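Novice: Join the two chains into one complex using the hints; note that each chain is given alone, in its own frame.
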Amino acid sequence: MFSGSTIKVIPAVLAIVLILSYAAYASVSHKSASKHIAEASNTVSAQSDLEMLASDPGMKEHHFELKQPAKSADMTSKEAIDKAKTYIAGGYDSEHATGVHAVYALFTDNETPKLPEKDILLKDLPVWIVTIEGLKIEGHGGVAHSGTPVKAQPPLTQLHIVINDSTGEVLEMFSYK
Amino acid sequence: MIKVVPILKLRRLLRPSTVRLIVLSLIVTANIAVAAPAFATHLFDGGSRWVANNTGAAATIETAVNPTVASGGSSSAWPMVVGYYDADQQYIQVGWCKDYPQSAPVYFWEYSNYHSPNQIHYMKYLGTSTIGSYNDFMVGRDSSTWYAKINGNIVGTVGYSALGIEGYRTDFLGETFTRSDHMPGITSNKNSFGSLQYKDSSFVWHTQTVGSVINDATDIYANNAVAGAASFWIWDKR
Numbered sequence: 003m004f005s006g007s008t009i010k011v012i013p014a015v016l017a018i019v020l021i022l023s024y025a026a027y028a029s030v031s032h033k034s035a036s037k038h039i040a041e042a043s044n045t046v047s048a049q050s051d052l053e054m055l056a057s058d059p060g061m062k063e064h065h066f067e068l069k070q071p072a073k074s075a076d077m078t079s080k081e082a083i084d085k086a087k088t089y090i091a092g093g094y095d096s097e098h099a100t101g102v103h104a105v106y107a108l109f110t111d112n113e114t115p116k117l118p119e120k121d122i123l124l125k126d127l128p129v130w131i132v133t134i135e136g137l138k139i140e141g142h143g144g145v146a147h148s149g150t151p152v153k154a155q156p157p158l159t160q161l162h163i164v165i166n167d168s169t170g171e172v173l174e175m176f177s178y179k
Numbered sequence: 010m011i012k013v014v015p016i017l018k019l020r021r022l023l024r025p026s027t028v029r030l031i032v033l034s035l036i037v038t039a040n041i042a043v044a045a046p047a048f049a050t051h052l053f054d055g056g057s058r059w060v061a062n063n064t065g066a067a068a069t070i071e072t073a074v075n076p077t078v079a080s081g082g083s084s085s086a087w088p089m090v091v092g093y094y095d096a097d098q099q100y101i102q103v104g105w106c107k108d109y110p111q112s113a114p115v116y117f118w119e120y121s122n123y124h125s126p127n128q129i130h131y132m133k134y135l136g137t138s139t140i141g142s143y144n145d146f147m148v149g150r151d152s153s154t155w156y157a158k159i160n161g162n163i164v165g166t167v168g169y170s171a172l173g174i175e176g177y178r179t180d181f182l183g184e185t186f187t188r189s190d191h192m193p194g195i196t197s198n199k200n201s202f203g204s205l206q207y208k209d210s211s212f213v214w215h216t217q218t219v220g221s222v223i224n225d226a227t228d229i230y231a232n233n234a235v236a237g238a239a240s241f242w243i244w245d246k247r
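Chains as they are written, first to last, in this note's numbering: chain S, 3 to 179; chain A, 10 to 247.
Pulled out of the complex, with its shape left as it was, chain A reads as follows (with noise of 0.2 Å):
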């Protein structure tokens, strides 16, 4: 015969109402414990223009100096084009990153497109660049193949048809993955980009300028980008 007097003592112990809030936190802990690390809404810092149909961003980009970044953190500068459905993470990119727990700045590229079904991401980080190099970074593309160069040399290429985005926007921008990190540049060395560029259609390279400025941070990122300059610096307050 089953015994239900543990069960009733338990019931007086604990009335419906906390039960039900201790249910709720061991899911709550339950799921912290397997759950994958959170990722942090990243920052941006820089000028951005809508471009329909472009094929192309460029920009020479300082590495000013070698920014400090936290546990799981990055610092980045770049110029990208974005796809039509930028919310689908379509974009192609190159310029310098550093992730953490890598010791000084690197090179890398990488493209996007998660609009697609084939759930298209590649990222390739490729040597050291030097603090206070300024570098040509290109992404473009002809007819039939995206390209990313650094200093006019291809560092990679993608089929146009593979990666399945059309470009809509060009960025300039910095970027952290969390607050803790800190923007490329500081207040008395800022991180200069400059040179910014797209390209057309037509497949023709023309001077770009800032049509919005962004900053996710104000408190602790800065910029001078305005609207219509086709240079800017972006530097951490810190």
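Chain S extracted, bound-state conformation (with noise of 0.2 Å):
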């Protein structure tokens, strides 16, 4: 029924349809990701919230405490997102995010208990903790000269911005996966 000639060209035309398939998905996925960051900015805090990050693995291994704050806070969580955001806006591919949310806690780190140049002791002070996923954060450092090129280092994703309540101050930034 087919000619030859045909059958040599069928498989092409089935290629371009799968790609065209393939780079129309790729377009909706991150139209959904954008989507999703917007939806996800509207998140509520709740303690349940605060209770999965204190629990996180990441979060003890580098000795940041989590505790449940007696007083309401200052700022909002739509607030302290869009403190967030506007904070690392454009950079770290955050465009692209697939994720955000915020918990309010008192903050203990004891891994930096005094920042530098600073006079604010982190114990137990009232904080917003914006946790921006999907992104893509290079690392500093990286330096090879024993003559073997550099492996590609993955980028970590997730990024903990930590904020002042009381006065909106972005403290400190982490990132550990």
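Calculated from the structure, these hints are not laboratory results. Be a bit skeptical, because a hint or two may be false.
[What the hints assert, rightly or not] Straight-line alpha carbon distances no greater than 27 Å define the calculated DSSO-like cross-link-like pairs of lysine-lysine that follow: (1) S:K62 - A:K158; (2) S:K80 - S:K153; (3) S:K179 - S:K80; (4) A:K158 - A:K199; (5) S:K125 - S:K80; (6) A:K158 - S:K116; (7) S:K73 - S:K62; (8) S:K116 - S:K85; (9) S:K179 - A:K158; (10) S:K138 - S:K153; (11) A:K158 - S:K120; (12) S:K125 - A:K158; (13) S:K62 - S:K179; (14) S:K69 - S:K120; (15) S:K153 - S:K120.
Because the structure is a prediction, the values reported are computed rather than measured.
Specialist: Written out as structure tokens, the structure reads:
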């Protein structure tokens, strides 16, 4: 039914259709991620979020402690998220972030109890911790002089931004995955 | 019955070589659509020295100017201990950096080991580093713990066995992510690196000197480091 030359053409046509479908899927996937971060920005903090974050192995490994505050926050979760998003706007491939949420907590940083050039002690300090997912955070360093090319370092993808609840100041940021 | 006429017409319009070209172009386009942003090769400026089994590196580094940083870029300065498997991103460092879109330099410390099956990488930004300030940056370890210090205060620690690197080189460098980023310092206000030190395998600190001078972009970046020097400047020539 098909000639030999036709049979040669059919795989090429099928390949074009498949690749066009893949490109369309990729486009939709990125739009979906952008929508996700927009929707996630309205997430309301709950105690379970605090407990979940406090129990994160990375938080424990780096000596961060989170407790439930006795008083209500000065900032809203939306204000904290907006602050964090503005702080990193345009950086770390943030336009393709896949999620964001905020937790209000009493924050103790046993790793860095006192920030350089600051008088603030990071002990039971009321803060918002805004966690942004799906970023691409490049490391510094990574120089090889041994003659072997440096292997690509997968970027970190999750950033925790610690914001002083009473002043709105970004105190520190950290990433471990 | 399947109609083959349109396919035959297509064949007349598109020769096999043209079809292959179109398919290749579409593959490339589709991959660009979903791929992560390409990370450029980072550029370095300063000095380095091999010290097998070293246990620390330290320097007093100026934050001379607020460097210009392009979108997605970075400018930084730090001392660093590099592990034996340097190509596997084995390092621990502390210093200052300005990563886009930060408006001013901030302190940071970081460690990495992609030779480890655990794929270790941690980074922490710690408040603003005042323009014009000179700060003592130190990474070192004892028998059990690596630490990072800024002006004598510990800002972070990680277990020696947990990080899993053996010091093999000490680097004292400025770094940018792309050529569009300005290296710390400018021609009229160069960025100082001084009081270079390393810690030996017995955990004793010594004065360190430059072994190898590094400059990955001599047309735009500069330094006056020479072998044997315990201090030098780096700067951006633009």
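Novice: Need the list of violated hint numbers for this structure, in ascending order.
Specialist: Hint check: 2, 15 fail, others pass.
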